[in-house]
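These protein sequence lines are chains A and B, in that order.
Read left to right, the first sequence gives residues 2 to 428 (the working numbering).
Read left to right, the second sequence gives residues 5 to 311 (the working numbering).
Source of the hints: derived by calculation from the structure; they are not laboratory data.
Do not rely on the hints blindly, as some may be mistaken.
To list a few chain A residues with every Cβ distance to chain B over 10 angstroms, as calculated [stated by the list, open to error]:
1. Met-2
2. Glu-40
3. Lys-113
4. Leu-188
5. Glu-290
6. Asn-298
7. Lys-364
8. Thr-427
Facing chain B, from chain A, some residues (calculated, C-beta under 7 angstroms) [stated by the list, open to error]:
9. Asp-384
10. Ile-388
11. Gly-405
Cβ coordinates follow ideal geometry from the N, Cα and C atoms, glycine included.
Letter by letter, the chains look like this.
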Amino acid sequence: MKILIKKGRVIDPKNNTDDILDIYINGAVIEKIGKNIKEKGDEDAIINASGHIVAPGFIDIHTHLREPGYEYKETIKTGTLAAAKGGFTSVVCMANTDPVNDNKSVTEFILKKARMEGSCRVFPCGAITKGLKGEELSEIGEMFDAGIVAISDDGKTVKHSGLLRKALEYSKIFNIPVISHCEDTDLSQGFVNEGMASLLSGLDAVPSIAEELIVQRDIMIAEYVKAYIHLTHISTAGSVEIVALTKKRYSNISCDTCPHYFTLTEEATLNFDTNTKVNPPLRSEKDVEVIKEGLKNGTIDIISTDHAPHDLTSKDVEFNLASSGISGLETALGLSLKLVHDGVLSLSELIKKFTVNPARLLKLPYGELGEGKTADLIVFNPDMEWIVDKNLFLSKGKNTPFHGWRLKGKNLLTIVDGRIVYREGTI
Amino acid sequence: MNWTKKDLLEIKKLTKEEILLILETAESFKEISLREIKKVPTLRGKTIITLFYEPSTRTRTSFEIAAKRLSADTINISANTSSYVKGETLKDTGKNLESMKPDVIVIRHSMPGAPHMLARTLKSSIINAGDGAHEHPTQALLDLFTIKEKKGRIDGLKVAIIGDIIHSRVARSNIFALKQFNTEVVCCGPATMIPPHMEKLGVKVEYDINKAVIDADVIMMLRIQKERGGVSYIPSIREYACLYGLKKTHLEKAKKDVIVMHPGPMNRGIEISDEVADGEYSVILDQVENGVAVRMAILYLLTGREQ
């Protein structure tokens, strides 16, 4: 397929590009980027991107595709459709499937399914421990050979410090990051932030220190064994401060946060809407401010979605009993662009957190636009207003607290490997 | 003013005017229970279901008597006899009950927000009869009614709430109610049983019961919520009784006309001594009596609201 994208504002942070340019794609590769590329007449599609942004395809390092095992919540097919719609050309899927992705058969299954049915690239994340039980290491080497790009027991913290140490040491053999879900479950026996949310609702509380203690512990262990640590979905001011301090002396560390942690505060939980139940919980206004500050000053490297689709029944119950998570792939761009509209980040800085930085973390050859590079790219409009309608989600998970929100900024076109996998009617 | 809300879910969403309306309406209903024939036809033809997922003596009986004195038909469902034990979700139970056209569903549940979920789903009026550690609005309203009856006012009073504050829906509802008036509220208990940021609700925090009771007009005692893990917050019940049990000597530090309240059930010898529970300052049984009048008022207002 040959595609010509005309007159878009091309922003590629990796190559310091920000200009009105044309892009010519031939097959899976970007053949040419330049001013006024002439039509050859053999193009299969000519896209008029005038007034829009052309960026490298986004990479989500934290997605739950739910397959195998929870196909009633999401499948690789529907999850990657949602990803493509949201502007993601690559997603990392977490290991908490059933069976758990703790061995190469599951890794191979996911990759095979993704090749057959996926609308975007899928990179499996292997479990650190067998069955996510926190007792013994998974066969990380075999999974690495099969194609995992990171290891994580996401959803849980590896509680045993000695075992985490071994995982961090072992990860060095394959040069893959350990992605840590930071939660001291001795302290976090609850459902909402300890503060006004727990005080007013009477719901059991999750204090900020439940996250921060593990952030600190994991950093100390990683630093001790000189391994790479990535802290995922950090939500508190204290976590940002710890990471910022660490970065001054230790470079093998990075972290991400999710749109809901810089968009919503704990106040959203006060009406007991289970769509606001996430783990870690929505935090205080001060936390949200510091998270934004961390995004601005570079302490937080990456924005991930923690896309956690659920079936209706998992959410349509008492708050205590509801599953945690937000179906986030289709709202991430619109919510994150608010950071640009509010002057927290420049467009280029925002795109970096969705492209260059995740690609660097996972050592993926994507996340940039360049002649000879793979044609994974998106066209979005940062100013187009739209109203979130969960019923129009391509994800099976309709669990969003943003239903009915007016967002500014929308993905219009997604190209993966030179193929158009998503296209809005307006472009 | 007229009542407009479909449900009574939490005190913190009520205005001061709404609270006063309930209290005034209750005053006019109190007399009915003193008649020889304790029944008026006001709610004839209305159906009221009490749906209790937690044990209760006072509240459930109080609601049932209140409804019956107003001539409503009542049906009581408790968790161990409901489809809950067969795995039916709360929402489905609610929808099924609604198919039988009740006017009001009174729900008690161990999980905060359970009544809110029903209220969002159903057209029937929902009354929260206690949802976990969140709120117990009718208890706070009957407490206010009792305070007003005994003291002649609510404004200007000092109220000490003592005990397992963190797990107490009664404390939360009472704080929200009392702070609608010009009151000084002191919350007292072991530091483990006082939630962080408590002061943000406009109350004082005091760990020493001897200080908390000084010049108090009202002392409200709470039991340890064993069902919410309260016991693990203290070294032993014995130590708790020593440090936080209300004894007669404490009352000497309070105002001369102090009243002692307890939402029940009491654990005698733990949070309250016999001599205080049965003593001249105790209004614990008045609270129970007033509970019927307050619940009659609430049922009346909700079913007769302006649609």
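Which of the numbered hints above does this structure break?
-> Of the numbered hints given earlier, those the structure breaks are 9, 10 and 11, listed in rising order.
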